[in-house]
Each structure stands twice: as structure tokens, then as C-alpha cells.
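J.: Which chain is which? The protein sequence lines are A and B, in order.
Going by the numbering used here, the first residue of the first sequence is number 131, and it counts up by one from there.
Going by the numbering used here, the first residue of the second sequence is number 131, and it counts up by one from there.
Some hints could be false.
Each pair may be met inside one copy or between any two copies, as identical chains are not told apart.
As the list claims (entries may be wrong) - Straight-line Cα separation of at most 25 Å, DMTMM-like style, residue types lysine to aspartate or glutamate; simulated pairs: (1) K258 <-> E199; (2) K333 <-> D287; (3) K258 <-> E270; (4) K135 <-> D269; (5) K135 <-> D146; (6) K333 <-> E177; (7) K258 <-> D269; (8) K258 <-> D290; (9) K258 <-> D247; (10) K179 <-> E270; (11) K333 <-> D146; (12) K135 <-> E308; (13) K179 <-> D146; (14) K333 <-> E199; (15) K179 <-> D169; (16) K258 <-> E196; (17) K258 <-> D287; (18) K333 <-> E263; (19) K333 <-> E255.
For the record, the hints were derived by calculation from the structure and aren't laboratory data.
2 protein chains.
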Amino acid sequence: MKVLKPTITAFESSPDCGMGLARDMRVRWALEEVEQPYDVRLVSFIEMKEPAHLAVHPFGQIPTYEEGELALFESGAIVFHIAEHHAGLLPVDANARARAITWMFAALSTVEPPIVDRDVVEYFEDGKSWQAERFAMVDERIRGRLNQLVAHMGNADWLDGAFSAADILMVHVLRRLEGSGILDEYPTLSAYIARAEDRPAYKRAFAAQLAAFTASHGEGANQ
Amino acid sequence: MKVLKPTITAFESSPDCGMGLARDMRVRWALEEVEQPYDVRLVSFIEMKEPAHLAVHPFGQIPTYEEGELALFESGAIVFHIAEHHAGLLPVDANARARAITWMFAALSTVEPPIVDRDVVEYFEDGKSWQAERFAMVDERIRGRLNQLVAHMGNADWLDGAFSAADILMVHVLRRLEGSGILDEYPTLSAYIARAEDRPAYKRAFAAQLAAFTASHGEGANQ
């Protein structure tokens, strides 16, 4: 199916300093997997809350995806759109496809929320008397999910059969735990992430988002 | 398209006492909208964590959806599956369909997490010295999302054009705020919820889940 060259948005200055944890990474990775060229428009934190961006993303976030007259937001929906319009990111068999979509939702609705909550504790509850206790509570919820995920995966390479859009979302969700020490307890998941990071499409997407960060914060900016 | 009669799972004893806040309500509502008959298997909290249920739902929750050899979990994925295989819950126009799917993800990934976090504060941080301060922080995040949602909706009846699967998810997510007092501040959203609750399919789904609760906790149980 013919697709117009899309334009996505990403942080002009990503808070993760180019570690590829911002959600544009999911979209870049999906586009690289299907070898679809794309343009990027970088937006500042101020621009993200202005009417022009809110018209595309009502919640004032990144990424967005514009393709001709179509404008989408939500990384999950964008990755699904890419997967639906190119071969390779969703199984052809109807039941396998439905299961892959289930895992897309599972990554975002079941696994991601406690992991994002951990960042809330880290950054927005910093200095609060309760921060340590909240970390313990959130980490227990995270471990509960990861234990269930590991039980499901067993010795499999990917979530459900062949690599799919669901793995893009799940791996990216799990990567947000880097630095927490929690992933060290889960060799199955560390190996899963490493397997994903070894994909050429992942590497191209990672390099592209890092280059965007370096362009505004690189050696030149430090001189 | 011919669909085998599906079987979904729901709480044997819903913690919301039949208020229709458990996630099986989303699936029941979608099935009622498309007039697809279904069976329900009620599961106890013990059964949900046992191997037979975990084989269908790796995270040990409800709802699940079984249709012939296909087994799905995640309410978002199940509602999407129903919408994809019946007319009426997703627009036919390709761009409008992609936008409706975007709003499905927005309901679950952007609007729902802080609302669920409010329940975490209410039930799991009850008695903690910090509960009041956490309520204030979470409610501020919730209001931020609701303000953006209201700004998007304007005077529209539904999220994006005609009623769709996205409205099922968003309305059900918002209903979880009932009793918090927050919805009283948003007449646009209260009217949106009321409009949804007035749909015959919603009423049938609500009655069905209430009947399931009443059967195990009704007058007989209190005598």
C-alpha cells in the first residue's frame, strides 16, 4: 500500500539526553522496521503546549504522526497504524494478529503504568518524607507484573511467536526501568531487551534520536 | 463476518458491587452495541491466579475473551477485536478509523493511568500520613488531563465524529471517577457520560453485570 512520507514530532531537547526513552523512539523503530522513510519536526516544551501542536495532540505531548491529511497521536496508535499499513509488524494469521494486538495493549495498559509511576515517585515526590516507602510499594507492583511477564515468556524470543509491533512497545516500556536495578533481577527480560536492541532497525532508530539530541546539546553546545 | 459465540470472564464477586466499573463492562457494552450474544464465565479472585486462568490471561485479571480457538485478554484489545469484526464501532473511512483507534489508546494510555492511581491512593495508601497530599497531587494530574479532554471535545457529542469503540473506553475510564466529586467540575464530561449511559446497549450491558453481582450478593444472600 502506498503511504505518503510521514512527519513525526519529537522533543527538541529530550529529558533523557538521547537515551532513546522518549516515546518517539517507538515510532522511529516501527518505521525503521518497515523501511518507511520519515521526517521529524522537533518541538520545544513551550511549543508542545501551544495551539498549533495541541490541534494535533490534544494532550500536548510527543510523538505525533502526520501523513497527508491524517494526523494521529499516541505512540501505541501510531505504531499500530504503521503495522496495519506495512507488512512485517503484525502476523498475517487472524488469530495471531489479534493476540499481537492484545500484547500491544498489555504493554501500554498493564505493564507501563506502574513503571511510569516509578518516575513520578523519583521526580515529583523527590524530597518527600514518604518517597522511600512509595518506591517500595511501586517496585512491588512492577515486580508483580514482571514476574507474570517472565512466566508467560518462558524461553521464547518474543511475546507471541514472531517479532511484532507488540515487542516494540513492550521492550520500550521495559527499557524505562534502566537504572532502577530492577531489570538485573530478570535475566529473561534483559536478554529480551538485548535481542531487540540488536535489530538493525532498532539501531538506526536509536542513532537517529541520539543525533537529534546531540545536534542541540552536543560538543558544540558545551564549548 | 461470522463470529462464534464468545465467552468472556468477569468477577464472580465484583469489588464495585455491581456499579459496572469492572472492565468486563467495556466488553459487554461493545458486544451489546453490535448485538453479538455472548456467554459469561464468572471467576473468583482465587481462580484468577490459578494456572487455568493464567493460561488465558498471563496477568491474572478479567476480562478475557474466548471465541473458538482464539483467546484474548486486555479490555482494549477485546473491544478492538469486536469492533474490527462487526460493523458500527469504528468508522469505515480509513482516516476516521485511525483517529478512533488513536482515541482508544488515548483513553487507556493517557487518561486512565492517573485515574487508576487515585484508587491506589484511596485503597492502598489509606491510613498513610501522606494520603491527603498524594490525593492532591494525583487529582491535579487528573484535572490536567480532563481539562485537555474538555478543550478537545468542545460541544461535540463524541470524541471524534460518530460514536465509536473509543467512546466506550473513554466513558468507562471516566466513570471510575464517580464518587470522587471531580466529575462535578466538568459538566461537559458529565453530559458525555450521561449520553453514553442513555444508549440501549449500555443499559443492557449494565443490567447484565448487575444481575451477575446480584445473583451472588442479592437479597437471598442477605437473608
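J.: With reference to the structure, classify each hint as holding or not holding.
T.: Against the structure, the hints:
no.: 1; hint: K258 <-> E199; verdict: neither (47 Å within a copy, 50 Å between copies)
no.: 2; hint: K333 <-> D287; verdict: within (18 Å within a copy, 44 Å between copies)
no.: 3; hint: K258 <-> E270; verdict: both (19 Å within a copy, 17 Å between copies)
no.: 4; hint: K135 <-> D269; verdict: neither (41 Å within a copy, 40 Å between copies)
no.: 5; hint: K135 <-> D146; verdict: neither (27 Å within a copy, 47 Å between copies)
no.: 6; hint: K333 <-> E177; verdict: neither (29 Å within a copy, 43 Å between copies)
no.: 7; hint: K258 <-> D269; verdict: both (17 Å within a copy, 18 Å between copies)
no.: 8; hint: K258 <-> D290; verdict: neither (41 Å within a copy, 41 Å between copies)
no.: 9; hint: K258 <-> D247; verdict: both (15 Å within a copy, 18 Å between copies)
no.: 10; hint: K179 <-> E270; verdict: between (34 Å within a copy, 17 Å between copies)
no.: 11; hint: K333 <-> D146; verdict: within (17 Å within a copy, 46 Å between copies)
no.: 12; hint: K135 <-> E308; verdict: neither (33 Å within a copy, 44 Å between copies)
no.: 13; hint: K179 <-> D146; verdict: within (20 Å within a copy, 37 Å between copies)
no.: 14; hint: K333 <-> E199; verdict: neither (30 Å within a copy, 37 Å between copies)
no.: 15; hint: K179 <-> D169; verdict: within (21 Å within a copy, 46 Å between copies)
no.: 16; hint: K258 <-> E196; verdict: neither (41 Å within a copy, 46 Å between copies)
no.: 17; hint: K258 <-> D287; verdict: neither (41 Å within a copy, 42 Å between copies)
no.: 18; hint: K333 <-> E263; verdict: neither (37 Å within a copy, 42 Å between copies)
no.: 19; hint: K333 <-> E255; verdict: neither (34 Å within a copy, 42 Å between copies)
Of the numbered hints stated above, those contradicted by the structure are hints 1, 4, 5, 6, 8, 12, 14, 16, 17, 18, 19, listed in ascending order.
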